[in-house]
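Peer 1: Sequence:
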Amino acid sequence: MPGCAARRPVASPRLLAAARRLGEGSPRERRREGGSPVAGIDGAGLLVRSLRAHGVDSLFSVPGDPLGPFLDEAVRAGIENYTIRHEQAIAMAAQAYSYVRRDIGVGAVTSGPAMTNAITGLATAWANCWPMLLLGGSSELGKRGLGDFQ
Numbered sequence: 000m001p002g003c004a005a006r007r008p009v010a011s012p013r014l015l016a017a018a019r020r021l022g023e024g025s026p027r028e029r030r031r032e033g034g035s036p037v038a039g040i041d042g043a044g045l046l047v048r049s050l051r052a053h054g055v056d057s058l059f060s061v062p063g064d065p066l067g068p069f070l071d072e073a074v075r076a077g078i079e080n081y082t083i084r085h086e087q088a089i090a091m092a093a094q095a096y097s098y099v100r101r102d103i104g105v106g107a108v109t110s111g112p113a114m115t116n117a118i119t120g121l122a123t124a125w126a127n128c129w130p131m132l133l134l135g136g137s138s139e140l141g142k143r144g145l146g147d148f149q
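Going by numbering that gives the first Met the number 0, the sequence shown opens with residue 0, and the numbers climb by one from there.
Hints may contain errors.
As the list claims (entries may be wrong) - Pairwise CB distance ranges, derived in the manner of DEER restraints:
| # | residue 1 | residue 2 | range |
| --- | --- | --- | --- |
| 1 | 68 | 112 | 17 to 27 angstroms |
| 2 | 62 | 119 | 17 to 27 angstroms |
| 3 | 13 | 52 | 30 to 40 angstroms |
| 4 | 137 | 100 | 22 to 32 angstroms |
| 5 | 12 | 77 | 37 to 47 angstroms |
| 6 | 140 | 76 | 35 to 45 angstroms |
| 7 | 128 | 39 | 32 to 42 angstroms |
| 8 | 82 | 112 | 12 to 22 angstroms |
| 9 | 143 | 71 | 18 to 28 angstroms |
| 10 | 119 | 39 | 34 to 44 angstroms |
| 11 | 39 | 87 | 15 to 25 angstroms |
The hints are simulated quantities; they were obtained by calculation from the structure and are not laboratory data.
Just so we're clear, the structure is a prediction, and the values are computed from it rather than from any experiment.
Backbone N, C-alpha and C fix where the C-beta goes; we use that ideal spot for every residue, glycine too.
Turn these sequences into a full structure, and let the hints steer you where they fit.
Peer 2: Written as structure tokens, this is what we have:
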């Protein structure tokens with residue numbers, strides 16, 4: 000579509016510079032500089048900490064770039080990661096886990112089509128009142144508005 004590129008939003012240089020600053024310095028470096036205690040942990044760490052606090056000990060995922068930091072943190076925290084090859088199977092495994100264990104089933108998929116592939120399993124779990132959490136990855140903040148959605 001020739002008109003598609005003309006309508007695509009373009010990130011301003013100011014937005015790109017702000018996105019680059021978000022990634023500067025490791026959490027350990029920020030902690031040494033006297034930052035807040037929360038600055039010592041990233042979003043993946045906060046998510047894993049919350050999952051562990053709610054008793055999550057297993058998850059089903061397909062590895063992908065947007066999930067890398069989360070999966071690394073999950074394994075370090077002792078959450079068993081069952082790697083599955085397709086997103087539909089991840090959602091079905093998470094809902095089956097929920098049904099059999101009578102506990103929350105957690106699935107993690109990458110961005111874009113992966114999330115839509117997993118929706119059927121999520122809808123089935125919802126229809127049967129089985130607790131399930133489906134996590135979807137996303138492209139980097141600095142690439143938003145540049146046509147990068149995976």
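Peer 1: Are the hints correct? Go through all of them and say.
Peer 2: Results of checking the hints against the structure:
1. 68 to 112: 17 to 27 angstroms: At roughly 21 angstroms between Cβ atoms, residue 112 and residue 68 fall inside 17 to 27 angstroms, so the hint holds.
2. 62 to 119: 17 to 27 angstroms: Since the Cβ atoms of residue 62 and residue 119 sit about 21 angstroms apart, the hinted range of 17 to 27 angstroms holds.
3. 13 to 52: 30 to 40 angstroms: Since the Cβ atoms of residue 13 and residue 52 sit about 38 angstroms apart, the hinted range of 30 to 40 angstroms holds.
4. 137 to 100: 22 to 32 angstroms: Holds - the Cβ-Cβ distance for residue 137 and residue 100, about 28 angstroms, lies within 22 to 32 angstroms.
5. 12 to 77: 37 to 47 angstroms: At 43 angstroms between Cβs, range holds.
6. 140 to 76: 35 to 45 angstroms: violated (24 angstroms)
7. 128 to 39: 32 to 42 angstroms: At 38 angstroms between Cβs, range holds.
8. 82 to 112: 12 to 22 angstroms: Holds, at about 18 angstroms.
9. 143 to 71: 18 to 28 angstroms: holds (23 angstroms)
10. 119 to 39: 34 to 44 angstroms: holds (39 angstroms)
11. 39 to 87: 15 to 25 angstroms: Violated, since residue 39 and residue 87 (Cβ atoms, about 37 angstroms apart) do not stay within the stated range.
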